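Visitor: Following the hints, complete the assembly by docking chain B onto the known chain G.
This is what each chain is made of:
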Amino acid sequence: MSQNTLFDKVWDLHKVADLPGGSSQIFIGLHLIHEVTSPQAFGALKDKNLIVKFPSRTVATVDHIVPTDNQSRPFKDNLAEQMIDTLEKNCQAHKIKFFNIGSGSQGIVHVVAPELGLTQPGMTIACGDSHTSTHGAFGSIAFGIGTSQVRDVLASQTLAMNKLKVRRIYCKNILSEGVFAKDLVLHIINKLGVKAGVGYAYEFAGPAVSALSMEERMTICNMSIEGGARCGYINPDDITYNYVKGRICAPKKDNWDKALKWWGSLVSEIDAIYDDEVEVDASKVEPTVTWGITPGQSIGINQRIPKLEDLSLDDQFIAGEAYEYMGFKPGQKIMNTPIDVCFIGSCTNGRISDLRIAAKIAKNKKVSPKVKAFIVPGSEKVAKEAKNEGLDLIFKEAGFQWREPGCSMCLAMNPDKLTGDQVSASSSNRNFKGRQGSPSGRTLLMSPAMVAAAAITGKVVDVRNLI
Amino acid sequence: MGDNFKTPQGKITRISGNCIALIGDDIDTDRIIPARFLKCVNFDSLGNSVFEDDRKDLNGTHPFDLELNKGASILLVNSNFGCGSSREHAPQALMRWGIKAIIGESYAEIFYSNCLAIGIPCFTQEKRVIKKIQEEAKKNILSFEIDIAEKKAFSNKLEVDLLIKESSKKMFLSGNWDATSILLNNSLLIESKINELPYVNFNANNL
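Which chain is which? The protein sequence lines are G and B, in order.
The opening residue of the first sequence carries number 1 in our numbering; numbering runs sequentially from there.
The opening residue of the second sequence carries number 1001 in our numbering; numbering runs sequentially from there.
Rather than coming from a laboratory, the hints here were simulated on the basis of the structure.
Among the clues, some could well be false.
Unchecked claim - Here are the simulated lysine-lysine pairs, BS3-like style, with alpha carbons at most 25 angstroms apart: (1) G:Lys-165 with B:Lys-1170; (2) B:Lys-1152 with B:Lys-1165; (3) B:Lys-1165 with G:Lys-163; (4) G:Lys-417 with B:Lys-1056; (5) G:Lys-459 with G:Lys-284.
Model, not experiment: these values are computed from the prediction.
One chain only, chain G, in its complex shape (with noise of 0.2 angstroms):
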């Protein structure tokens, strides 16, 4: 059993109790809403009679209904308007402050929660969304829960859980130029598999971590999940202060300082203990692209699709369906793979920092005519930071659509959807059946420079050579 990591120190500092059966009552820091997996939560709350417990814990935005071409109200989509007016009258009637459309803070959740400063190392930060792992870059216990658990910390705060063993994933070396932290993350679910994180949480280690920004340390931690690890972190230090710092809900002054010192105190000691280690060779990561219907199925870009006889047992069923519905040939290239859509935005990559790398791609070329691409920002700050930069432009002259922000064609639950087989290159998370809104869309999941690269040569290239 682990001991003395940051994962046993925030789990033992936010135990409540011992539940009756063996589970434990954990204490929930922050907890984060969103209009789809809410509103069911509050009606729980009604039928039961229950009120939410700390009101102030909770704090709420709209991110995966809106529109991104047109926002103004009431919605053109009905089902999607009654979801946002749902939620805005659920944070009314129980005081929970809401970051609507317009308000200069709104966006996907997972991007909102950091910029604001609320994220912070030591929390325990859930919300009713897989991705939740995000907020561990910052040295935090964050997962995703289903909607009677929301219930469950709106009415009490807490939730009942079992704790998770802790697996340290040390990535040795750094990553080379060209190389981003989408790619180590599709490396490490690819060399790992999907389900290896089950039961776990994942500590991301070593110095291609401490290397990275908080940026691209949020997307590693973005795809824990992906893994089939609930939460995931790295340990806080100085590029994690540094980005905390003076948001507007960070710690002040005096409190700074105590900040530091706790925070300080968290960090997985030397000689902590591990239920399992494992190393990954960051140097060796080439721009990575997955070619099937789960994360976990990727290559380098210079790679071949494995054949089944290349694969274990255990992934060959899924491997045979990845090829009927890619349409792709065991051993074929990657590269040169032809793209219809292109997309970048979402939790995992809609970023500033994205947006810049894929400007500096796109700038003064021409997206490829058989190709429609297009920005989400991952959030209204992030939107007017791109504009204050002239990144739109750039976009804009390329022939990228520029979007207003939302979770979009990630999940393709507003109108940004794929039609028909088409191929999408996407800086999102995941490549399942159908998840970008077209039951038979193929979904090509890379880093958002690889995505750039794609939609101004219309197929699947080696972004170093556009660089």
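Guide: Frame of chain G, contents of chain B only:
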């Protein structure tokens, strides 16, 4: 399903019903209930849309459309079932279609805890055993009686040992799987915990 549907309540000790075999690893929650059906403010109408796209694709031959599986309530799955999104809409859709228990090789973590929270026991067994009962259920109607305390499933011909987390087993047997009231029993402890947390203190009035 439909008007007669009632959510489970209280102690869950035995579940009996016909099995439905669904073959495949890594079946994600987008497949169980595609995102477009998440545009709702309650779960009531999800049962009809379970596996919507997979079923359309298979044109009547999907396990959820076969005559053999009509009225089935015990789902037999393979590994990493329910991976992906945290949407509780996935187990809610299965439950509203008629599923009361799941037996499989393994489950994604959030899916498992969602099932626990709404009263669907998820049992595990090794690949070989799952494959055998799936084969059986594909050929003929396989009716199981599951005894949660004994951790066994019985049919006329078969007796299958099942595995379940001890904490989950206790929660079903005691009725404590519906956690809210259990959590609220510790209200005083919760209130003292919030005062122990350094960040609650140093972040006061920041928002």
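Visitor: Assess, step by step, whether the Cα of B:Lys-1165 is no farther than 25 angstroms from the Cα of G:Lys-163, and give holds or violated.
Guide: 13 angstroms, holds
Visitor: For a C-alpha distance cap of 25 angstroms, please report whether G:Lys-417 and B:Lys-1056 respect it.
Guide: 19 angstroms, holds
Visitor: Is G:Lys-165 close enough to B:Lys-1170, meaning Cα to Cα at most 25 angstroms?
Guide: Given that 25 angstroms is the threshold and the Cα spacing comes to 21 angstroms, the pair holds.
Visitor: Run the distance test for G:Lys-459 versus G:Lys-284: straight-line Cα separation, threshold 25 angstroms.
Guide: Given that 25 angstroms is the threshold and the Cα spacing comes to 24 angstroms, the pair holds.
Visitor: Quickly compare the C-alpha distance for B:Lys-1152 and B:Lys-1165 to 25 angstroms and report which way the hint goes.
Guide: Answer holds: B:Lys-1152 to B:Lys-1165 is near 14 angstroms, not above 25 angstroms.
Going through the hint list in order, the structure satisfies each hint without exception.
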